[in-house]
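Novice: Below, each chain spelled out in residue letters.
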Amino acid sequence: MARQAWAVVRKDLLLEWRGRSRIVSVLLFGVVTLLLFSFAIGPDSVILQAAAGGFLVLALLLSSTLGLSESFRLEQEQRAIEGLLLLPVDPVALYYGKCLSNTLFLMLLAPVLTPVALFFYNVELGPTGFLQLFGLWGLAAAGLSAPGTLYAAMTSRLQSQDVLLPLLLFPLVIPVLMGAVKSVTLVLTGDPMSQIQSWTLLLASFAIIYWSLCGLLFPHAIEEGS
Amino acid sequence: MTDTKTNTIAVRTVGLGKRFGKQWALAHCDLEVRQGQAVLLAGANGSGKTTLLRLIAGLHKPTQGELQIFGLDPQRERLTCRESLTLVGHEHYLYSQLTALETVLTWARLGGGDLSTDQIRGLLDEVDLGDHRNQRVGGFSAGMKKRLTFLRTKLENPRLILLDEPFSALDTAGQQLIEEWVDGYKVAGKTVIVASHNLPRAALLCERAVYLKQGQMIWHGKSSDMVQQMGLAS
Amino acid sequence: MSQRMTRIHLFGLGGLLLIAVGTFLGLFVAPPERYMGEVARIMYVHLPSAWNGMLFYLFAFGFAIASIWQHKPKWDALTVGCIEVGVVLNFLLLLQGSIWARPTWGVWWDWDVRLTTSLIMLLLFAGVLALRSFVQDAHRRATWTAIATIVAFIDVPLVYFCVRWWRSLHQVQSTPETVSSFMVWPLRLNAIGLFLLTIWMVSQRARLEMIRHQQEQIDEPARMAPVGGLENV
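Chains as they are written, first to last, in our numbering: chain A, 1 to 226; chain B, 1 to 234; chain C, 1 to 233.
If we strip away everything but chain A, and leave its shape as in the complex, we get:
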């Protein structure tokens, strides 16, 4: 199963590399989102600095949803996912492969959007802070990918995918959103009471629970006979 999952990851990474315009578009979307938040709040730098963590995580979340819905559009073309099932690829291996490749894709967003956010909102951050941020976003990306991959697979077969995926996903990932916003804000503004650990634990718990649960449910979601 691990070999098959890894084969899925390799395929997805190769397809991502070939279709580079997708990640560029998603990144641009993220930058535009950060800009819109600034306009919504106004040029008050104090408020912008305080809200920088929240805006950055929201921009990452919105960009992630775009990326997730695209991840299964490729599989729907020529019904490639059916081909995978016929090979036969174990659906659980397919799930973990896609989940991992989605997590890696989402993690690519942070190194670009973080400096942009720090630039717009006038926040300074050292190398250690950057590393912390990327680590936290890695956990958050894993948490988003788990239910996101499951729901993207389901909604990609429906007409209103663009509406349904965020509708299903956003309320579900509020713990990830809160955990990421709180911990990112603590990294940006300082953490005198060492609260980051609790939020990191929440992010890790969410990721572990949903990677396990969604792996069990995925075969039922994509098999017509389930």
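One thing to keep in mind: the hints can contain errors.
Subject to a maximum C-alpha distance of 25 Å in a straight line, what follows is the list of computed SDA-like cross-link-like pairs (lysine to any residue) [as the list claims (entries may be wrong)]:
id, chain 1, residue 1, chain 2, residue 2
1, B, 22, C, 225
2, B, 61, A, 92
3, B, 222, B, 199
4, B, 61, C, 68
5, B, 22, C, 130
6, B, 222, C, 224
7, B, 154, B, 118
8, B, 186, B, 221
9, B, 22, C, 133
10, B, 222, C, 226
11, C, 72, B, 15
12, B, 22, C, 212
13, B, 61, A, 82
14, B, 22, B, 75
15, B, 22, A, 158
Restraint-style ranges between C-beta atoms, simulated for each label pair [to be verified]:
id, chain 1, residue 1, chain 2, residue 2, range
16, B, 79, C, 74, 21 to 31 Å
17, A, 158, C, 211, 23 to 33 Å
18, B, 80, C, 217, 27 to 37 Å
These are computed hints drawn from the structure, not numbers from a lab.
All residues carry an ideal CB built from backbone N, CA and C; glycine is no exception.
The hints should help you fit chains B and C onto chain A, whose structure is shown.
Specialist: Relative to the frame of chain A, chains B and C by itself:
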């Protein structure tokens, strides 16, 4: 519909039926195909041929009746049944951004194995795609995609091969290639079920035939008899 | 009317009766709450709505697991019944909470732990119903409803804890030992009454869903006679 060639039953259906929404695409299907047989499914568009093949492949759950693949229920033993068969259907299951070589390598890896570049090149040469191995599949013609997809029957080495309109989009050379391969599979004792409009050609491949109309089997017998009765003998 | 149908209507009637008695006691017999006064009487509907809403989401979770396990229409019907009624109770809970908040805290909405969690629960399960409405195939609809229900329900404790860390303003949960016995009885009666009434509502909704499922079943066409030859096909 039986043959004394072998006792293993590759496919058995009893009262098999499939409904999509309000429409019954297949109904009252009783079919028995023994290991090593080659069977033709004939019928007009919408007669249920593709539905039957997809049910056998486990891509649909039957609405009614029973289905067994080598004695197993494909809904319960999905992976085992799918390891025993390959479906080459209307869809090509290709990623347009991958090259032919990458596609075959991906299939091999996803199937749990691996292949060297030389081995892949050899396989692609067999379907006359060796010169196009580094070309992205998105730029292939329909016939080239078909030939590439047909490679799966070699890669996966199944006991049961399901072919849905194998001759469509292929030129004469391509059709001859398919015929050669299918003959090879029959010699190797594999079971082949072909759904096709191209009756004279497909009938030559298969010794038995079944005719479907409006989702039901209305005739079965020797494929040579089918060709004769339909006045298609040249 | 079949015996089973008659029995289920007794749940509805019994529930209404208990709610009527409980509400009467709560409005006219129980004393006003020490700190919040007459306003607190809303708890006689608010708390039963909260308990029953949560309980029926839990039932939905159980039926969803059964639906994945057994793929029988009755499990799907019960799942959707519990979710729909749960969503209604959830909505009423938020409305009541808002009505209670205004005179108590001076605002229509506050980011209190339980209210916020309830709002997120409403969105989670309303999302399940939205997903369901887009799926035509009955089997897939049942499977996906069950999956989305399980995923949503598992999220509830995570949401609760993260919102709690975020902030809390709600009063400490009352238990019967900490409130006057005059308040306990209306609460109990309304809670049990609403439970019985909700069972009735779920059963009716599930029955509707089973009727819909039966209407979607189209009988197999008659078997066609085999033909002797293919000369005329």
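Novice: Would you pick out the hints that fail for this structure and give their numbers low to high?
Specialist: Every hint satisfied by this model.
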